[in-house]
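**Student:** Just so you know, we're using this note's numbering here: the sequence shown kicks off at -13 and counts up by one.
To be clear, the hints were calculated from the coordinates, so they are not data collected in a lab. Possibly wrong hints are sitting among the right ones.
[As the list claims (entries may be wrong)] Derived DMTMM-like pairs (lysine to aspartate or glutamate); straight-line CA-CA distance at most 20 Å: (1) K443 to D426; (2) K287 to E339; (3) K472 to D359.
[Stated by the list, open to error] The calculated label-pair distances, taken between Cβ atoms and stated as ranges, are: (4) C(-11) to K32: 41 to 47 Å; (5) S181 to E90: 32 to 38 Å; (6) D396 to W484: 50 to 56 Å; (7) D22 to S479: 37 to 43 Å; (8) G422 to N20: 53 to 59 Å; (9) T49 to I214: 16 to 22 Å.
Treat the numbers as computed from the prediction; the structure is a model and nothing was measured. Glycine included, every Cβ here is placed at the ideal spot set by N, Cα and C.
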Amino acid sequence: MACVRDQLVIKLNRGSSKSESFQSICQTLAEYANVDRVCLLEKNGKWFYLAATSNGKSIDRRTRLSRSMQAFVTNAVDVETLTSDTPFCYTVGSGEPIPAPISESFHRFLIESGSRQVAIIRFDPAESIEQDSNASLPHSIVILLERFDARDQAKIDQAKIDQAKIDQAKMDQAKADQAKADRVGVCSEINEIQSLVEASLVNAVNRKVAWTEPFFDRIRRASFRKRIAFAAATLVMLFALLLLVPIEFWVPAEGQLVPSIRRSIFAPADGTVLELPVGNGSSVDQGDTIAIIRSRDLDLKTQQIENEIAAVRANLDSLVRSRGSSSDRLDSSASSTEQVLKARLEGLAQQAEFLNRQQQELTVRSPIRGQIDHWNMEQNLSSRPVARGQFLADVVNEEGGWVLQIELDDRHSGYMTPMMPETPFKVNFALRSQPGKNFDAILDQIDDTVQQNESGKWVVRARADLPMDAFSHQSSVRSGATADVKILAGTRSIGFVWFRGLIEWFRTKV
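Sequences and hints are given; from them, build the entire structure.
**Tutor:** Structure follows, in structure tokens:
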């Protein structure tokens, strides 16, 4: 018995909201009392309104059945035919009189419902409840139970046949007793669990935590014209809200995190990498050798200049030796030739010096202290030919801070007004390698021109310097890390920010 009672309590207290709990109560009572339909009506103002039924979640208070039920229950409570101490029970065909004040509304309800037996139990606000001394109902709740078949009427007819064998007085008494039994049959079943039902009703009402529920209940009960007017007013207010209320407008972009101290090294001339003493990640000091390049063209030019210098010097020496034995006229001619050879020798010496400097430049050295950044450097460069201006490596120094290099899509660049010193653009970004962690920065430079990036997209480049200690404790931050960037471009209306994609599409298509 205790197990059955526990199961009943569980069923009566199901539901996560007030409406779900009311429906669960109706379904549980319909099963417990073996009735066809249970309806729960809740008082709101002067009227009782249908709140839940055992047949389904959908409730339409505009139907004739719902209106006749609400009118009947409200009338019964107003004339005190139905009280918390005196439930109302009636069986069609029992011959029991119906109280005159509710006769008209009750017959109208019977016509609409087709019920053969009706029981109504009222639960009023109580000072205390057995399960919870601090809980009480805020207003009256009525539970209406109905049966549509003739189960109880058959009992009445059988009782009449049995009583026909005795005298008229005993038959009348038996008939009255049978009517009384029919009247209290369903009510007595509910009275057995009245405390449980009342406690479950209190729990259901206490689940009503959303302040909007009574408001929407009032809207649902309103007339069609009022609902249309409310919907129109809501749309106007919503449109005004979207149009007039400003919020922050963030423009999306893509970024890459690089050290602020970074130098790129390129091949000084065409040639072949002869030596590669460092690799990716190697630490270097300023002036350390990174690569030694050999240029055959430069070697050939150097050898050619050296041969020309040797030939000019030999001619000049021969001219000096022969000058003493020649005549004055020949001495004058030799002197002119000597001047030409000396000038030629001086020019060749300058060329040789220039070629020597070029040879020295073929020994590529680090311009700063830092680390080499070139993935597969040895595989890409060792003993391989390089062209003048070809990228060799980057030297980065992460101790000097970080810079966020930003690429802003040309389609979004129009939202960025010219930068003013007093109103810098705020930047918020998140590294893709560290999702969920956001960082702030200030945009300190933005290009005035649109360029095409490596992916073929037209972008506007910008940069934001980060504080020295921005990633002092972020050991996983790597040079070249990509980031999702947002740039604050002032404020726009809520509607524009939320529906910007649709607005831009409409502008391009129309």
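**Student:** Run through the hints listed earlier and report the numbers of any the structure violates, in increasing order.
**Tutor:** 1, 3, 6, 7
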